[in-house]
Each structure stands twice: as structure tokens, then as C-alpha cells.
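Chains as they are written, first to last, in the numbering used here: chain A, 1 to 411; chain B, 1 to 411.
Calculated directly from the structure, the hints in this document are not laboratory data. Glycine included, every Cβ here is placed at the ideal spot set by N, Cα and C. Don't take every hint at face value.
As the list claims (entries may be wrong) - List time: in silico DSS-like cross-link candidates among lysine-lysine, alpha-carbon distance up to 30 Å:
hint	chain 1	residue 1	chain 2	residue 2
1	A	Lys117	B	Lys382
2	B	Lys363	B	Lys382
3	B	Lys219	B	Lys194
4	B	Lys194	B	Lys206
5	B	Lys194	B	Lys382
6	A	Lys194	A	Lys206
7	A	Lys206	B	Lys194
8	B	Lys206	B	Lys219
9	A	Lys194	B	Lys117
Said to hold, decoys possible - So the derived label-pair ranges between C-beta atoms look like this:
hint	chain 1	residue 1	chain 2	residue 2	range
10	B	Gly321	A	Arg227	49 to 55 Å
11	B	Gln60	A	Val127	55 to 61 Å
12	B	Gly321	A	Glu307	32 to 38 Å
13	A	Glu110	B	Arg227	44 to 50 Å
14	B	Arg311	A	Arg227	49 to 55 Å
15	A	Gly143	B	Pro154	34 to 40 Å
16	A	Gln163	B	Ser189	27 to 33 Å
17	A	Arg227	B	Glu193	46 to 52 Å
Said to hold, decoys possible - Pulled a few chain A residues facing chain B out of the computed Cβ check, cut under 8 Å:
hint	residue
18	Gly16
19	Trp25
20	Ala31
21	Asn202
22	Gly281
23	Gly300
24	Ser305
2 protein chains.
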Amino acid sequence: MIWAEIISVGDEIVCGQIVDSNAAWLSQRLAELGIPVRAHAAARDAQAEVEYAVREAAAQSDVVIVTGGLGPTHDDVTREAVAACAGTELVTVPAELEHLRALFASRGMEMPVSNEKQATIPRGGDVLHNPTGSAAGFRVRVGEASVFVLPGVPSEMEAMFTQEVVPLLPRAQGVIVTRALRCLGMSESLIAEKLEAEMDLNGDPKVAFLASGGIIMVKFTSRAPTRALALERVAPPCAHARAVLGDVVFGEGDNTAADAVARLLEARGATIAVAESCTGGLVANWLTDVPGISRFFLEGLVTYSNESKTRLLGVPAELFGTVGAVSEEVARRMAEGVRERSGAAVGLGVTGIAGPSGGSPEKPVGTVHVAVATAGGTVHRKLELRGDRALIKDRAAKYALNAVRLALCGR
Amino acid sequence: MIWAEIISVGDEIVCGQIVDSNAAWLSQRLAELGIPVRAHAAARDAQAEVEYAVREAAAQSDVVIVTGGLGPTHDDVTREAVAACAGTELVTVPAELEHLRALFASRGMEMPVSNEKQATIPRGGDVLHNPTGSAAGFRVRVGEASVFVLPGVPSEMEAMFTQEVVPLLPRAQGVIVTRALRCLGMSESLIAEKLEAEMDLNGDPKVAFLASGGIIMVKFTSRAPTRALALERVAPPCAHARAVLGDVVFGEGDNTAADAVARLLEARGATIAVAESCTGGLVANWLTDVPGISRFFLEGLVTYSNESKTRLLGVPAELFGTVGAVSEEVARRMAEGVRERSGAAVGLGVTGIAGPSGGSPEKPVGTVHVAVATAGGTVHRKLELRGDRALIKDRAAKYALNAVRLALCGR
Numbered sequence: 001m002i003w004a005e006i007i008s009v010g011d012e013i014v015c016g017q018i019v020d021s022n023a024a025w026l027s028q029r030l031a032e033l034g035i036p037v038r039a040h041a042a043a044r045d046a047q048a049e050v051e052y053a054v055r056e057a058a059a060q061s062d063v064v065i066v067t068g069g070l071g072p073t074h075d076d077v078t079r080e081a082v083a084a085c086a087g088t089e090l091v092t093v094p095a096e097l098e099h100l101r102a103l104f105a106s107r108g109m110e111m112p113v114s115n116e117k118q119a120t121i122p123r124g125g126d127v128l129h130n131p132t133g134s135a136a137g138f139r140v141r142v143g144e145a146s147v148f149v150l151p152g153v154p155s156e157m158e159a160m161f162t163q164e165v166v167p168l169l170p171r172a173q174g175v176i177v178t179r180a181l182r183c184l185g186m187s188e189s190l191i192a193e194k195l196e197a198e199m200d201l202n203g204d205p206k207v208a209f210l211a212s213g214g215i216i217m218v219k220f221t222s223r224a225p226t227r228a229l230a231l232e233r234v235a236p237p238c239a240h241a242r243a244v245l246g247d248v249v250f251g252e253g254d255n256t257a258a259d260a261v262a263r264l265l266e267a268r269g270a271t272i273a274v275a276e277s278c279t280g281g282l283v284a285n286w287l288t289d290v291p292g293i294s295r296f297f298l299e300g301l302v303t304y305s306n307e308s309k310t311r312l313l314g315v316p317a318e319l320f321g322t323v324g325a326v327s328e329e330v331a332r333r334m335a336e337g338v339r340e341r342s343g344a345a346v347g348l349g350v351t352g353i354a355g356p357s358g359g360s361p362e363k364p365v366g367t368v369h370v371a372v373a374t375a376g377g378t379v380h381r382k383l384e385l386r387g388d389r390a391l392i393k394d395r396a397a398k399y400a401l402n403a404v405r406l407a408l409c410g411r
Numbered sequence: 001m002i003w004a005e006i007i008s009v010g011d012e013i014v015c016g017q018i019v020d021s022n023a024a025w026l027s028q029r030l031a032e033l034g035i036p037v038r039a040h041a042a043a044r045d046a047q048a049e050v051e052y053a054v055r056e057a058a059a060q061s062d063v064v065i066v067t068g069g070l071g072p073t074h075d076d077v078t079r080e081a082v083a084a085c086a087g088t089e090l091v092t093v094p095a096e097l098e099h100l101r102a103l104f105a106s107r108g109m110e111m112p113v114s115n116e117k118q119a120t121i122p123r124g125g126d127v128l129h130n131p132t133g134s135a136a137g138f139r140v141r142v143g144e145a146s147v148f149v150l151p152g153v154p155s156e157m158e159a160m161f162t163q164e165v166v167p168l169l170p171r172a173q174g175v176i177v178t179r180a181l182r183c184l185g186m187s188e189s190l191i192a193e194k195l196e197a198e199m200d201l202n203g204d205p206k207v208a209f210l211a212s213g214g215i216i217m218v219k220f221t222s223r224a225p226t227r228a229l230a231l232e233r234v235a236p237p238c239a240h241a242r243a244v245l246g247d248v249v250f251g252e253g254d255n256t257a258a259d260a261v262a263r264l265l266e267a268r269g270a271t272i273a274v275a276e277s278c279t280g281g282l283v284a285n286w287l288t289d290v291p292g293i294s295r296f297f298l299e300g301l302v303t304y305s306n307e308s309k310t311r312l313l314g315v316p317a318e319l320f321g322t323v324g325a326v327s328e329e330v331a332r333r334m335a336e337g338v339r340e341r342s343g344a345a346v347g348l349g350v351t352g353i354a355g356p357s358g359g360s361p362e363k364p365v366g367t368v369h370v371a372v373a374t375a376g377g378t379v380h381r382k383l384e385l386r387g388d389r390a391l392i393k394d395r396a397a398k399y400a401l402n403a404v405r406l407a408l409c410g411r
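Bound-form chain A, shown alone (with noise of 0.2 Å):
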């Protein structure tokens, strides 16, 4: 098996500036060439930590890549520090010279001295050449490792890698693929006890869980010689959990409840419209992130007073004073009302308490109540949510948008 390991070089990623994607986007490249990833690491602009970080790699893995620090100037240390880890000195490519000068020369600038150090690799290194930027990269060997570093511009490095690292990379023996079903309205841990029962976790296909953002996601992953062989290996255990979670399951991917809700409404043609109080447009803007839903999406009204409540929606001022805003008789008045005056065929409505004032004994903050109303009826649901203010509306949102689903599964 070979294994790779990435280090991103950078003050800006160490001292949390920037968030760091390269790395992120080289491990699913080589995942892709069937190269799993070991670890990441990120290094400080300091010549002793690149070379730290340098050496503990190499030591570990078969593939490292190195991104950032090449720079022009005197924080760029990238160079130096690989060099002094292949035991070996910097020297100038003589051709990478004159491309820079050409670089320059193109914009109508003299090269300034400074970037000549950016034509140079240790010696006996390859050349890995940056046709849009002014850094070239290389590829060198410290002690069993091949070391490969590239500049951080993502641009840059991503052309550089496609073109000029695949090339050099060890073969692999497969390629590794993953997929991930998406849940909601059930804990990771039963989820996982669940399947638990059904399938051997720790087989081939691996099974992982990860709950992100409110939303459950199982993961199979599976390395094979191809990847039509690797999406065989977890075809049959994908299909096996989603017929074990049923409903939970809203999507795959990168698929958000409101692409489940779009596709259900442009396969049943039936329209929405939505009536919202606490998640203050959240629930439409989710639905209006997805191309085309204007077919299928009339109007989101956002009636946080009372009275829009009453002249939007028509629920009568009166349940104000009785059962308050936030209740189910209103949350049921806000779904039928919005079904009824836009003519769609689901109206969803959600009212509730997302902080951080607001709360009372009887309804704390987090009180959220949401009602979905179709030509069958209206269900409803009461939500107790905890969390600030954010949490709270994306949670709702979220549950809300799930409810819609439930509801035009026939649920």
C-alpha cells in the first residue's frame, strides 16, 4: 500500500487567517488515483518547521506533497528547507530563468533579483514547471520518500499537480471510492445501531458515521483496481442501509433537504409555498439555492408581527392573545393560510422562539412549532430546540424542510 501525506506551509493557514482547502482538495484527487492520505500537517514560514514537518513525513508515508512558501521573498523558506532535507543545495534551472524573465517581460516589468530564487530546485531534483505563475515546483528524494512541492496559489498548484505530479506518481493499486447517504430525523447512534445489526461495519465496504450540521451522513467507502469495480464493492451495502433506514434517508452527496424536497415537488408537479416566523427566510432561501425551483416555488412570506401574520396569512388576531404566536393553532393557520391564498399544493408554516430573548417558563427559547398542509390535511409538529440564536433557526429550518419531505412521501 502506498500512503501520502500533505503539508501546507504558511503563517496566514497556522495562525487561522486563511482556512487551508488545498489540502482538502489534493487528498480527494489522490484518493481518486487510489493514493489514500496518511495525515495532514500545516508549518509555520519557519526553515526548522518545514523541515520538521518535512522529515516526519517522509518518514511515514511514500508521497509527500508540499504546498505554500515559494515564493520571492525573504518569509519564503519552502525551498531551503526541503533542499537541507535531501541533504543537498539549491541550484538555478536555467530554462525556469528565462520563463520568468519571459513572465515579467510580458507585463511590462523588469524581473526584480529577488525572484531568481524562485527558479531554483535542490540539486538533482526534477522540475516541476508552473505555466501560469512565477514559482517552480519540484520533486525531490528524502530518504524513501518522493517529495513533491508546489506553490499555494490553489490555481497554480492544481494545474501544476494535474499536469505535472499525476505523471510521477507511484502507481497505485486501485482507486478508492466513497459513498455517502445523507439522514435526518434520527441520532447518529441508533442510526448506527441499526445498521449494526444488518452489516459488518468494519468490513469492505467501511462504514463510517459523521453527523454535520444537524444531518447524520453514512459513509461507505471501498478501494478497488477500478472504480466501476470500487462502485460495485458499494452498490449492495448502500442500497441494503437505505432500505434498513427507509425514510431517514433524504439524499446523497452533497445533497441538501431542500434538493429532496425540489425533486419530490417536480415529480409529483405539485407547487409550494412557505409562511415563516423564527427561521426568517431560512427555509426559502434554502429552497431558492436550488436551479429551477421557480417552477415549483410561488412565494416565501417572512411575517414576523403579528399583524403581517393577520394580513398576510389571515390568522386571526385573536389566537395572539389566547394561545400567543407561538403555538400550533398558529403554525397550522400560517401552513393553511400560505397553501391557500397562493394556490400551491403544500404550504409549510413555522413560528417559534430563537432567542436570545423572548423565552418564558411555558416557552423557553428553542419553542418551535411547525405545521405542513396539503389537500389530505395538516400535520403538525413541536420542536424543542437548544442552541443560540443561529442553531436554533437552522435547526428548525432544517426539521421543517424534512416535515415538507415526510409529507409528499406520503408520510
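Once you've looked at the hints, dock chain B against the given chain A.
The following block gives chain B in isolation, referenced to the frame of chain A:
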């Protein structure tokens, strides 16, 4: 000097399925506390790999923060790995087990047995309580280092770091303070040019620029023995830059354009109602992210269909056949209609083509009309945005909120 190191645990990170944002968040918080971060690492969900990463980090740094791998399933191994590094075994914390049972009970569910391990920590460690989620965190010594272990769910991790970890961190020798001005309506290079003519960008405080999500941040950073001294050093250039940039600065720190609008509405005792088409509720969603906005935000209408623009806002139906739904006239009618019908002081109208379909040579994808209606009249601007559907929605909504802000400033 105290140093810290951050380890993110999870196959989904090392395989590149998600981009790790926890490490950047933690680096920023630690810098604010005067504790620089030496390096980041990411390890797979494999006990030996997590142990290796923790031992390496504990040998190099004084503080190690580990996130992720505290879930209830078989692939969550961080507890076991860190206990092994500390040379001890896991023990159940009765109070945490109680909390966990109560959490499940509040959701009307029985706790599965697999969740019990989420209430365990290494013997001799200190519990870090998780107020919102099920996974308890902990602190334990590994060699000379303090190792803090937190869940990977960002909202839980962030709350626990602030409430539980910060009080336990060693006192640093100084504080690094950054103040960031947030700008809309001028390019990064023009902002830099204007400031360069007025102040030294490489002195103390150091001045840096960061463009992110259509917003330009101008950051002033200084280090001093106390927070008060560092703030004192940062204040004069920050005030000077505000004066130079004028209305281009809409806020500081984490403030959003919606926060700025909310502050202005409060200062003027004014209310707002918004009518959105292409932004699909995003403006309403951002406004309702602001706590207490219900005093100023009356309603938001996502009038996606033409019929709803006429019924809810009074846009004359003949306009759709003549100038079309994406036009200055319709944007103005939307802003004026929602203002009049809701009785709000300010009305916003946004109509455009978010794509990917729906464009034409005369009105390409990215064409957006924004109108703001007040007692003083209605202002309008046409935008020509580029990017995918999500980017066009985002930029149109930011521009629209900025237009409301400038109108409230009397511009």
C-alpha cells in the same frame, strides 16, 4: 514563550471530504490570548494515528488542542488514543452520564448504550462540559503538555473552548490584538491605495487586507503586554482609516451588513420590510440573524412568481409583458409596494436572474435590480454580477443591505 498545537481528527478531513475550519478558528482565538500556534495536524480515525499525532504535538508544544472523534460510534477513537498517550484508562464521569441521559430524555428518546462512552474521560483528567451536545471533552497531561480534547462539531467546540478551555489555559506573556474594519463598495486595491497615501502599512500596528465573500477587511494588529495597551496602540490608525474611508466602512470585527442596518434602524426608530425575488429570502434571513430585530423588521416577502408580485406587492401585471420582471420598474414597485402595505419606514426590492438558466443577451445571468423606498423617495441601482447561483444571491443580498445602509445614512 508558550506554544500551542492543534490536531483535527477525522477521516472526512484527511480524505478531503470536508475542509477543516476548526483549526483556523482555534488559531485565531489562541492568538487573541497571546498564545501563538506552532503547527496544525490532521489525523485519520485510527487509534495509532491519533496517538502518534498527540505524542508528536505534546513533545513540541505546551498546549495541544484536539478536536473530533468523540462520537458514540466504533470509528470514534480519540478518547482511547489520548488516554493511551496519558498512560491511563477511561473512566465514566457520573455527572456527565446524567447530563447525557437528560439530553436524550428532553428529546423524548431513550439513550442507546453506545452513547455511554461519550461520558468517559481518561482517569485523572478534568471534564470539559459540553452544554449543547452529547460528547464530554476533557483535559489531561501528556508529558509536559496540557492536552485539551473537544468535539469536532464547530458550534459545540466553539462554545466549549470559550467557556471551559480559556479559563484553564496558561497565562501568556502578552496579548495580540487585531481590529478589523469591514468595507463594502470599494475595491481592495483602491482601499489600499487610499490608506497607503495616509499611513505606514508596515509599522506597528501592522496593516493587512483581506477580501472574503465580497467584503474587504482592513486589519490592524499589534502585540503588547496587556490587552488595554495593545488596543491603545491600534486605536489611532484605526480611527484615521475610518475617517479616510468614510461610508465605505460598515462595521468592525464580526459585524455584518445586517448588523449595521439594524443599528441604524434602532438609532432612527425606523422599521423595514423587504421584497425579494432572486435573493430568495437571503436578505430576510440575514436581517433575522440579528437578535432583537423583531422590533424593526416587520416582514419579508419572497415573491418568486409574477402572480405573487402582483397579489402581495401590487406590481402591475402588464409590466411583466413590457419591461419584464427583472427591471428597474419592477424593483421600484416591489420596494414601494412592500413599504406601503406593511407600513414600514423603509422598503427594499430586489429582482434579478441568479441563473444558471433564465438569462438572455439583453439580461444575462447576474443582472439584478435593487431599489430602496423611503419617505424621501426611491433610489435604484442595476448590478451586473458574475458567478454561480449561490455567489449571485450572496453578492446581490450584500449589495441590497448596503444600499439600505447608505439610504439610512442619508446618502
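So, going through the hints one by one against the coordinates:
| no. | hint | verdict |
| --- | --- | --- |
| 1 | Lys117/A - Lys382/B | 47 Å, violated |
| 2 | Lys363/B - Lys382/B | 11 Å, holds |
| 3 | Lys219/B - Lys194/B | 15 Å, holds |
| 4 | Lys194/B - Lys206/B | 16 Å, holds |
| 5 | Lys194/B - Lys382/B | 26 Å, holds |
| 6 | Lys194/A - Lys206/A | 16 Å, holds |
| 7 | Lys206/A - Lys194/B | 56 Å, violated |
| 8 | Lys206/B - Lys219/B | 8 Å, holds |
| 9 | Lys194/A - Lys117/B | 18 Å, holds |
| 10 | Gly321/B - Arg227/A: 49 to 55 Å | 51 Å, holds |
| 11 | Gln60/B - Val127/A: 55 to 61 Å | 33 Å, violated |
| 12 | Gly321/B - Glu307/A: 32 to 38 Å | 33 Å, holds |
| 13 | Glu110/A - Arg227/B: 44 to 50 Å | 46 Å, holds |
| 14 | Arg311/B - Arg227/A: 49 to 55 Å | 51 Å, holds |
| 15 | Gly143/A - Pro154/B: 34 to 40 Å | 37 Å, holds |
| 16 | Gln163/A - Ser189/B: 27 to 33 Å | 30 Å, holds |
| 17 | Arg227/A - Glu193/B: 46 to 52 Å | 50 Å, holds |
| 18 | Gly16 | 3 Å, holds |
| 19 | Trp25 | 7 Å, holds |
| 20 | Ala31 | 6 Å, holds |
| 21 | Asn202 | 7 Å, holds |
| 22 | Gly281 | 3 Å, holds |
| 23 | Gly300 | 3 Å, holds |
| 24 | Ser305 | 5 Å, holds |
Checked against the numbered hints given earlier, this structure breaks hints 1, 7 and 11; the rest are met.
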